[in-house]
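S.K.: Model the full structure from these sequences, guided by the hints.
If you read the protein sequences in the order shown, they are chains W and L. Just so we're aligned, residue 0 is where the first sequence starts under numbering that gives the first Met the number 0, counting upward by one. Just so we're aligned, residue 0 is where the second sequence starts under numbering that gives the first Met the number 0, counting upward by one.
By construction, these hints were calculated from the structure, which means they are not laboratory data. Just so it is clear, the structure is predicted and the values come from calculations on it, not from any experiment. C-beta: ideal position from N, C-alpha, C; glycine also. Take these hints with a grain of salt, some might be off.
Claimed, not checked - A few chain W residues that face chain L, going by a derived Cβ cut-off under 7 Å, partial list only:
#1 Arg8
#2 Arg12
#3 Ile350
#4 Ser353
#5 Pro459
#6 Met460
Said to hold, decoys possible - Below, a sample of chain W positions facing chain L; criterion: calculated Cβ distance under 8 Å:
#7 Gly1
#8 Asn9
#9 Glu343
#10 Lys348
#11 Ala349
#12 Gly351
#13 Phe352
#14 Asn356
#15 Leu463
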Amino acid sequence: MGVFTRALRNISRKKLRTLLVVIALGFSMAIMVSIPSGILANQTSTEQLIGNFDTTITNLEAEINKTLTLVECSISSGFTEQRGPSGGFQPPGGFDPGNMPGLMTRSVTYLNESTITDIVAIEGVKDIVAIIEKTEGTNQTIQTPRGTFQILVPDYTIVGVPLNSSLIDNYAFLPTNIVEGRNLLEGDSMVVLLSLNNTEYFGVGVGGSVDILGASFTVIGIYEPSDSQEATNLYMSLTDAQTITDLSGKLSRLEVYAVDQSHVDVIVNQIEQLYPEFTLTTYETRLAQLERQQEMYATTLENAQATLSQTQTVAYQEIGIAVVATSLIVLFIMLYTVRERTHEIGIFKAIGFSNGNIMSQFMLEGILMSVIAGVVGVAIGVIAAPLLSSLLLPSATRFTSNSPGMNSPGIGTNLLGIPFTSAMTASLNPQLIFLAFGAMVLLGALGSLYPAWRASRTSPMEALKYE
Amino acid sequence: MSEIVLETDKLNKSFKLGGREVHALSNVSLQVKRGEFVSIMGPSGSGKTTLLNMLGCLDRPTQGVVAIDGVDITKVPEKKLFEIRRNKVGFIFQNFNLLPYLNAIENVELPLESIGKSKEERRTRAQELLKTVGLSGREDHRPNRLSAGEQQRVAIARALANNPAIVLADEPTGNLDQKTGLEIVRLLGRLCVDQGTTIVMVTHDSRMASETGRILALSDGKLLVKEKEGHLMTDKATKCSACGRELPDDAEFCPRCGKKL
Ligand SMILES: Nc1ncnc2c1ncn2[C@@H]1O[C@H](COP(=O)(O)OP(=O)(O)O)[C@@H](O)[C@H]1O
Ligand SMILES: [Mg+2]
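M.R.: See the structure below:
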């Protein structure tokens, strides 16, 4: 029977008290593990946010540099209304068909290839990259308050590009991240470059053949898409694309490159005069877009950081409270225990136990109790950490639900890759558990220090008289 | 061998009670030889417990000298007093003062733990001691399963554990009936004879005191009787047929040589 067994026996003697203390301390401990893990999760996702932000900015800047001299020409596509008694479409419900908009179908308008001749003649134009795009998929109608729309759910988008080596080398219209096979080259015909998503859809690999709109193509390479827009694109030569889509002489878009930036305005003016129906996009509008995006990013980031620091402040306060509560609980319960066992202290002293012996006896009991509480606390923490941290920390949901412009292509997708709130439920890390356990034992020792010291200083004569 | 094992000289103890000084002990001078069984008698409040507390280093005198085994304990610093209690003194109390959550043998082992004896040594010694006090086979019983007399026997075994120079017993029979009380006092007497233990016992029961070798009387904090060896009622003193020691009337054995009468 040593001091340790005696401590254990004393703890188990007062079962209800020990139970209550252990539960109270256990919750303190659970708070000490859950909150930092919530914070760590927040921190990680904020860091990811910052990292993604940087990458996106770099990508955008690279894109801007490449397109300094670019004027993009296209004709905007839109929805047109199909109505009238013979339209074949009956709106549901008992609405007056006269007041109801008809079925809105998407109309795609192409440019004529002949426009190239006019534009190439404009002074300052260096190169023109002519591109055709056609999306294949299934039609679906959706009801909205503004009418019924027919939309296309894409299976794949055929992208026809000029396979001219000087154009390929100078301008970035082909994907760059080839994961298998090779990229398209000048002179390629009846071959196709598939995205990873396409290979899944068609179920073919490099060297296989794939049937596209009735024509058979050989898969020359596979690329990894850089954003969700690009994901369903398959690339082939412009002529092949025009042939299989029955769009000979038609184009979706012209990428007009000026010899230098100073010519861009003149070129835009000239094209506008020649083709007022064209939608023109230049570096300036791109720059404005970029700036808007940058602002949006900065705001999002600021919000994230503000919430993080707010969360941290709250967390520190709560951990502080848990720490103080733990020490106080141990302090009071041990003071009570010492008082209750005053007579026993007298006996120990009479028998010949030193102040040190008595001090270690009570210290050990306090520490042992906090060790048990630590184990219980880890258990509570493991079970309830996500709940505790979401209860005790300010919510961070606004990052996923409310971020402005999160759906803008090319940027939002990167950000949306990290759902902020789900990171909150990150599991407890073992280091943290270890740390909190250590803190618990330390606080147990700290809280027992004064009561144990008092016990050791009790006068044996007084103690023996105490009943 | 008449070595003095316990000695006090002009021992004084006063307590301050609400500004008033209570003189619990005044100039108490006494000597106890090794192997003696001495009783201290006196009415309630006469200072018996106070004196015993001084002798056992549970409290410090206001003035005077207390020497145990040649050590003047009034010169021992407060922090070292536990060593005297640990090595030189064994206590027996009126209310036994056993730890309720330890069984008999664990209670007896406690002092042995304080002097750093190994588990095996403690067990062997405690078993031996329990046998000496007649409690073999009761090792695993907690105090609440022992009778009052048995509890006091455990307390005696515990007091003897560290081979103290002196055993101090404060009314050890106070919570026992007459018969059990006598058994306990006789057990103490036998230990005194068999093992040469020095015992100072406080009692206010002359029946118990008469079992001891010498009686000291305390009244109002002053020692009254310091005459010849023996008890207060020695008018028709009988003597031990073996060693010639004066005996109490109803002694069953000689406190000096242990001869059964
Ligand atoms: N701690 C104390 N504080 C104040 N007075 C005390 C204290 N201990 C004992 N006394 C007083 O000292 C006197 C002797 O007490 P005590 O030694 O307990 O007597 P006894 O044991 O003979 O009954 C009593 O008057 C008692 O009130
Ligand atoms: Mg008393």
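S.K.: Next, verify each hint and record whether it holds.
M.R.: Evaluated hints:
{"no.": "1", "hint": "Arg8", "result": "holds, 5 Å"}
{"no.": "2", "hint": "Arg12", "result": "holds, 6 Å"}
{"no.": "3", "hint": "Ile350", "result": "holds, 5 Å"}
{"no.": "4", "hint": "Ser353", "result": "holds, 4 Å"}
{"no.": "5", "hint": "Pro459", "result": "holds, 5 Å"}
{"no.": "6", "hint": "Met460", "result": "holds, 4 Å"}
{"no.": "7", "hint": "Gly1", "result": "holds, 7 Å"}
{"no.": "8", "hint": "Asn9", "result": "holds, 7 Å"}
{"no.": "9", "hint": "Glu343", "result": "holds, 6 Å"}
{"no.": "10", "hint": "Lys348", "result": "holds, 7 Å"}
{"no.": "11", "hint": "Ala349", "result": "holds, 5 Å"}
{"no.": "12", "hint": "Gly351", "result": "holds, 3 Å"}
{"no.": "13", "hint": "Phe352", "result": "holds, 5 Å"}
{"no.": "14", "hint": "Asn356", "result": "holds, 6 Å"}
{"no.": "15", "hint": "Leu463", "result": "holds, 7 Å"}
Consistency with the previously given hints is maintained throughout, with no hint failing.
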